[in-house]
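Engineer: From first to last, the protein sequence lines are chains E and V. So for the first sequence, numbering that gives the first Met the number 0 puts the first residue at 0; every next one is plus one. So for the second sequence, numbering that gives the first Met the number 0 puts the first residue at 0; every next one is plus one.
Keep in mind the hints are simulated off the structure, nothing from the lab. Take these hints with a grain of salt, some might be off.
Where chains are identical, the list cannot tell them apart; a pair therefore holds if satisfied intra-copy or between any two copies.
As the list claims (entries may be wrong) - Derived pair list, reagent style EDC-like, types lysine to aspartate or glutamate, alpha-carbon separation capped at 20 Å:
#1 48 <-> 117
#2 94 <-> 212
#3 48 <-> 187
#4 25 <-> 80
#5 37 <-> 187
#6 139 <-> 187
#7 25 <-> 230
#8 48 <-> 120
#9 139 <-> 207
#10 48 <-> 140
Take a look at the letters that make up each chain.
Protein chains: 2
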Amino acid sequence: MAMEAEASPIVTRLGLISDMTIFPSKSTPFKAYRGSYKDCNLVVITNGKDNVHGTGVDNCGTVPAALCTFLALQRLNGVVDIVINAGTCGGFQEKGARIGDVYLTTASAYHDRRIPIDVPDFVAYGIGRIESLPVHKLSKEINAKMGVCTTGNSLDKHDIDDQIMRANNASVKDMESAAISWACRLHDIPHFGVKVVTDIVDGSRPTEEEFLENLHHAAQELEGALSKIIEYCCGRSLDEL
Amino acid sequence: MAMEAEASPIVTRLGLISDMTIFPSKSTPFKAYRGSYKDCNLVVITNGKDNVHGTGVDNCGTVPAALCTFLALQRLNGVVDIVINAGTCGGFQEKGARIGDVYLTTASAYHDRRIPIDVPDFVAYGIGRIESLPVHKLSKEINAKMGVCTTGNSLDKHDIDDQIMRANNASVKDMESAAISWACRLHDIPHFGVKVVTDIVDGSRPTEEEFLENLHHAAQELEGALSKIIEYCCGRSLDEL
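This is chain E alone, in the form it adopts within the complex (with noise of 0.2 Å):
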């Protein structure tokens, strides 16, 4: 998870413990949170607090979700069976979606990477689809609903992200998925997100006062789902999700 706002209903909820012999190195700022449900290990990790740029802020962005994701993985090694990456996220209405849902990820893209230079495939390179998990039982178990994520590091977007968004098929936009799914797949661990809307990307509202607006309430949404996602798939097999 990026943000701890995103992070802490969960991580209270469940009566996870700080534990940062997962991220034993002083160079990073990321922060790990362990406990168990019924017969599963769980682990929160988030991207912690700017400490380069002396902001304070979430290290939100592709670049620290995937070293946090790598290094947890790495440090996990062996004993990770999925990666679930949950957060909020913005959403098209032209797909269906609405402020407060919750969608599951079926594969992410990136919208940011225009390398145009087609021999050999940089283009290809650059969107860096990445399949998710199918989830389609768990879907249908928490009546959530199902699209591709759309990654991008800016919180606003502008006509061309408009186009590739479109061309990604996007029913959701975050800032961390695709990156993250890199560093899955890097670690060959599957993985899926869980995202829920907290602004209208093709809405007419600016995203950075709809976010701010409903990103208390998102992420009690959000510990609502994982709760049921967890519930869900400790016992259970890749194949029965």
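Based on the hints, put chain V in the right spot on chain E.
Structural biologist: Just chain V now, kept in the frame of chain E:
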């Protein structure tokens, strides 16, 4: 260095040998070459080729660059004096840049992380400006220009990129510097960039055309500049640069 084409002339010139003990994990695509010059130990690392999306192209962009840099510094903990981020770039003619020019970086910053939430300061986090090690004596010695490098994940750019690149006061534009600088700062290792101009950002020709036309020649220029930089830096303390 991001691309094999950028790295290969200097690897050959210095007779560096592939050393995969620096990236022992099979999870990463990164490559390392090791050797020495006079009494200096040298390691060249590259981002390797894309094996996740199946394109086989160089893993360019911020995410692989940050992970590659972080892991190499973690592995070489305690023995790295300086990181030199070497590669090609676009140049701004309004700042006096011409194709083939060699630039040393004074700072790096992002132009594609727009996070318009200013309390707390997500805007500054998004821009992510990081100062380079001051290398004014070196720049005089090798007759290089100096300036800010602006970083984004796209080879091309659009109007909003233009505005932010100008606000960043950029002389050159690349796809990795800000991310590499961040990874260096996490490890508290001094760093600067050496960048050879392949294309004019604020000119009339499409970036990808000029880039492909000039990449080979720029890689040769880069090898020449790096040889002079290594010659000058070896045996000198950081404040002599």
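Engineer: Does each hint hold? Answer for all of them.
Structural biologist: Hints, one by one, checked against the model:
Taking identical chains as interchangeable, the C-alpha atoms of residue 48 and residue 117 lie at most 20 Å apart only when they sit on different chains, with a minimum of 16 Å there against 38 Å within one chain. Taking the closest pair of Cα atoms, residue 94 and residue 212 never come within 20 Å of each other, the shortest separation being 22 Å inside a single copy and 42 Å across copies. Taking the shortest alpha-carbon separations for residue 48 and residue 187, only the inter-copy value of 17 Å comes in at or below 20 Å, while the best intra-copy value is 28 Å. In this assembly of identical chains, residue 25 and residue 80 lie within 20 Å of each other by CA distance solely across copies; the values are 18 Å between and 27 Å within a copy.
In the homo-oligomer, the alpha carbons of residue 37 and residue 187 never lie at most 20 Å apart, since the shortest distance is 26 Å inside one protomer and 42 Å across protomers. In the homo-oligomer, the alpha carbons of residue 139 and residue 187 never lie at most 20 Å apart, since the shortest distance is 26 Å inside one protomer and 48 Å across protomers. Taking the shortest alpha-carbon separations for residue 25 and residue 230, neither the intra-copy value of 34 Å nor the inter-copy value of 33 Å comes in at or below 20 Å. Taking the shortest Cα distances, residue 48 and residue 120 sit within 20 Å of each other only across copies (12 Å), while inside one copy they are farther apart (36 Å).
Taking identical chains as interchangeable, the C-alpha atoms of residue 139 and residue 207 are never at most 20 Å apart, the minima being 31 Å within one chain and 45 Å between chains. Taking the shortest Cα distances, residue 48 and residue 140 never come within 20 Å of each other, neither inside one copy (35 Å) nor across copies (40 Å).
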